[in-house]
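Undergrad: Protein sequence lines, in the order shown, are assigned to chains A and B.
Numbering of the first sequence is given in my numbering, commencing with residue 632 and proceeding in unit increments.
Numbering of the second sequence is given in my numbering, commencing with residue 2 and proceeding in unit increments.
In short, the hints are calculated from the structure, not lab data.
Some clues are possibly wrong.
[Unchecked claim] The list that follows gives simulated cross-link-like pairs (lysine-lysine, BS3-like), each with its CA atoms no further than 27 angstroms apart:
hint, chain 1, residue 1, chain 2, residue 2
1, B, K79, A, K867
2, B, K198, A, K701
3, B, K87, A, K867
4, B, K198, A, K708
5, A, K867, B, K198
6, B, K198, A, K705
[Said to hold, decoys possible] Residues of chain A placed beyond 12 angstroms of chain B at every Cβ, according to the derived structure:
hint, residue
7, I695
8, P730
9, D794
10, P825
11, I836
[To be verified] The calculated label-pair distances, taken between Cβ atoms and stated as ranges, are:
hint, chain 1, residue 1, chain 2, residue 2, range
12, A, E733, B, D200, 11 to 21 angstroms
13, B, F88, A, E810, 43 to 53 angstroms
14, A, E810, B, E277, 53 to 63 angstroms
15, B, A296, A, E732, 50 to 60 angstroms
16, B, E12, A, Q760, 52 to 62 angstroms
17, A, Q772, B, E12, 54 to 64 angstroms
Backbone N, C-alpha and C define an ideal beta-carbon position, used for all residues, glycine too.
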Amino acid sequence: MLKKDDMHILQNKMIADNTFEMKLTGRFVNLMKQPGQFLHIKVGDGTSHVLRRPLSIANVDHHIVTVIYKIVGKGTKWLSERKIGETVDVIGPRGRGFPIEEIRNEHIVLIGGGVGVPPLYYLGRKLVQQGNTVTSILGFQGRDGVFYEDAFRQLGETLITTDDGSHGYKGRVTDLIGELDQDVTQYFSCGPKPMLKGVSETFTIPGFISLEERMGCGVGACFACVCETTDPEDSKGYRKICQDGPVFRAGEVVL
Amino acid sequence: MDLRVSLPGLELKNPILPASGCFGFGREFSEFYDLNELGAITIKAATGEGRYGNPTPRVAETSGGMLNAIGLQNPGVKRIIEEELKFLEQYDTPVLANVAGSTEEEYVEVARALGAHHRVNALELNISCPNVKEGGIQFGTDPTLAASLTRAVKSVSEVPVYVKLSPNTGDIVEMAKAVEEAGADGLSMINTLVGMKLDLATGRPILANGTGGLSGPSIKPVAIRMVYQVSQAVSIPVIGMGGVTCVEDVLEFLLAGASAVAVGTANFQNPMICPELIEQLPDLLESYGYDSIHACIGRSFRHEETSLSGT
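If we strip away everything but chain A, and leave its shape as in the complex, we get:
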C-alpha cells in the first residue's frame, strides 16, 4: 500500500546546535509502531531537490510523530525553514526497525551517536513500557550538540560523552561499555559506521545496529544504499539498508 501523505507540521524548532525537532501528524501515524523505521521526506520546491531525505522516527505519541534532523546542506536547511501549519510530503514508515516485540524483563543498553540518537528514544520508551530496564550511552561532538538528555534520563540511567569533553565524559561511547553492569543482556545502537563498528566489536552480548547511508529511492528499487553481508554463503550477499534495514543484527553486515 502506498503510504504517502502531506503531513501537517505541528512544531519545528531548534533543540541543539543546528539540530531541529519536527513534530508531524497525518493519516499514517498509527502505522509507525516499530522503533527504528524512517520517514522519507521530500525537501525543496519543485525539482530543486530530486532526492528525499530519510529521517528516523524519534518518537510517536498521541498521534504525533517526531523526527530530529541536523542541517547538513540545502535540503535540511529548507526543511528547517518550514513553519507550523505547513505540510511536508512524507513516504513512510519505511524499513525494518528494531525487533523488540518479545523483549521483557531484560536490561538493555542503548548506544547512540549524534543524529543516530533520535530513534533510540522511541525504542527506549517502548522497551521501558514492556518492563525492561534501559541504560543509555549517548555521544555528541560537544555540549552545544547535546539533545534529549533529560528525556533519556526519564527512561533510565543515561551517560553522555562528548568528543571535546565539554559535557559529560570526554571520549567515545565505546569507552564506557566496560563500565556497564554485568546483567546487560542486549544492546541496540545507531550512529555513524565507525562508531557501530567499535560498538559491535567491543560487546560480547547480542545486539542490533541501525545504519545510516545516502539513499536514492528509499523503497528498495535503486540499489544505492546497500551493504555487504558478512556471511559469504548468504544467498544474496548484500542487504538494502532502506528495505532490509536500516536495523540489522550485529554481525550480519560488513561495517
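Fit chain B to the known structure of chain A by using the hints.
TA: For chain B alone, coordinates are given in the frame of chain A:
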C-alpha cells in the same frame, strides 16, 4: 484519447514507461500502483553472473539532479529469470529487459537467455553505463564496437533489440546511425552524463566511485537536443528519456521525435509519477490541440520542414 503506441515488440497502451535502473524489477513499485497501468516495464540491467556493484556512497544530489554510481548491481540473468520475471508473470504489460556485460560474449549470453523468455518483449542493449570499469560505455563511445555488438546480439535475440545510447560521446547521430545499420530495431536515449561532486570538508569526491552518472531535470535539455537530432537521422523509433518530471516534459520529448518516454530519477521523488503522467497526458495533448498522440511525435522537425518548403 487513444494513447496507444506500437513499437517493435512493444504494444504500448500508453507511451510512459520507467527507465532501467530506477525501477528495480518492478516489485517495489507494485506496492504503490498496478504495474499494468504502465505502457511497459523496463527492468534493471542483467549481467551473466550476479554483481555486487560499487562501494557506497553510490548517490549524491546535485542542483536539479543527482549522480549515481551503482555499478550494475544485479543477481545475474539466471536469478532474474527465475525470480524477477516470474514475479512479473502476473502482469500483462510488455517487458523491456536491459542487457549488460563486460565482454561481447557476456552480452550475447544474457541477450540469448532473456530474449528467449516468454515474458520479455524486447531487449534494451546497455552500451552506456558510465559506472563500470569494463564493458558498458566503452561499447557506447565507439561506433564500430557498438555496431559489432548490436549485430552479435541481434543474431541471437528472439525479440527486437533497442540500443540505449550514451550522451558521453562526440557524435551521437553517428552512433545512432551505426547501430541502426547494424540492425537495431529501436533506440533509447539518453543514459546519464558523467559527472562528479566534491565534499568540501574532505576535498574528495562524495561518490566512492569518484565519478557518477548525472540524471534528473538538469540533463533534460541535453536529452531533448539529442532526441531531436537522432530521430531525424534514423528511421527506427526512439524511446526518449532524461530528466522527465512532469507531463509537459513528456510532450516535449514527443515533439522532439520520441515515440515513447521513459521516467527515471523522478520515480525517487514521487513513486506515483508514472501513473500520474499517464492520467494527465490526454488533457495536456488536448490543450495543445492534438487529437492523437501520433500528431505530436516529431512535430518539432516536421514543422521545420513544412516552414522551409513554404518559404
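Undergrad: If a hint holds in the structure, say so; if it does not, say that too.
TA: These are the hints, each one checked on the structure:
Under the criterion of a C-alpha separation no larger than 27 angstroms, the hint pairing K79(B) with K867(A) is consistent with the structure, at around 13 angstroms. As the CA atoms of K198(B) and K701(A) are separated by approximately 21 angstroms, the hinted pair is consistent with the 27 angstroms bound. Between the alpha carbons of K87(B) and K867(A) the distance comes to roughly 18 angstroms, so the proposed pair stays at or under 27 angstroms and holds. In summary, the hint linking K198(B) to K708(A) is supported, as the alpha carbons are separated by about 19 angstroms, within the 27 angstroms threshold.
Under the criterion of a C-alpha separation no larger than 27 angstroms, the hint pairing K867(A) with K198(B) is inconsistent with the structure, at around 30 angstroms. Restraint check: the Cα-Cα separation between K198(B) and K705(A) comes to about 15 angstroms, which is no more than 27 angstroms; the hinted pair holds. With a minimum CB-CB distance of about 25 angstroms to chain B, I695(A) clears the 12 angstroms threshold, and the non-interface call stands. Even its closest Cβ contact with chain B, about 21 angstroms, leaves P730(A) beyond 12 angstroms, as expected for a residue assigned away from the interface.
Every C-beta of chain B lies more than 12 angstroms from that of D794(A), the closest at about 16 angstroms, which supports listing it as non-interface. No beta-carbon of chain B is positioned within 12 angstroms of the beta-carbon of P825(A); the least distance is around 14 angstroms. Listed as a non-interface residue, I836(A) keeps its Cβ farther than 12 angstroms from every Cβ of chain B; the least gap is roughly 28 angstroms. For E733(A) and D200(B), the Cβ-Cβ distance of about 42 angstroms falls outside the hinted range of 11 to 21 angstroms, so the restraint is violated.
A hinted range of 43 to 53 angstroms holds for the C-beta pair F88(B) and E810(A), which are about 51 angstroms apart. Here the CB-CB span from E810(A) to E277(B) is close to 55 angstroms, well matched to the stated 53 to 63 angstroms. Our hint of 50 to 60 angstroms for A296(B) and E732(A) holds, since their Cβ atoms are close to 59 angstroms apart. Checked against the given bound of 52 to 62 angstroms, the beta carbons of E12(B) and Q760(A), roughly 56 angstroms apart, stay inside it.
At roughly 59 angstroms, the beta carbons of Q772(A) and E12(B) sit within the given window of 54 to 64 angstroms.
The earlier numbered hints that this structure contradicts are 5 and 12.
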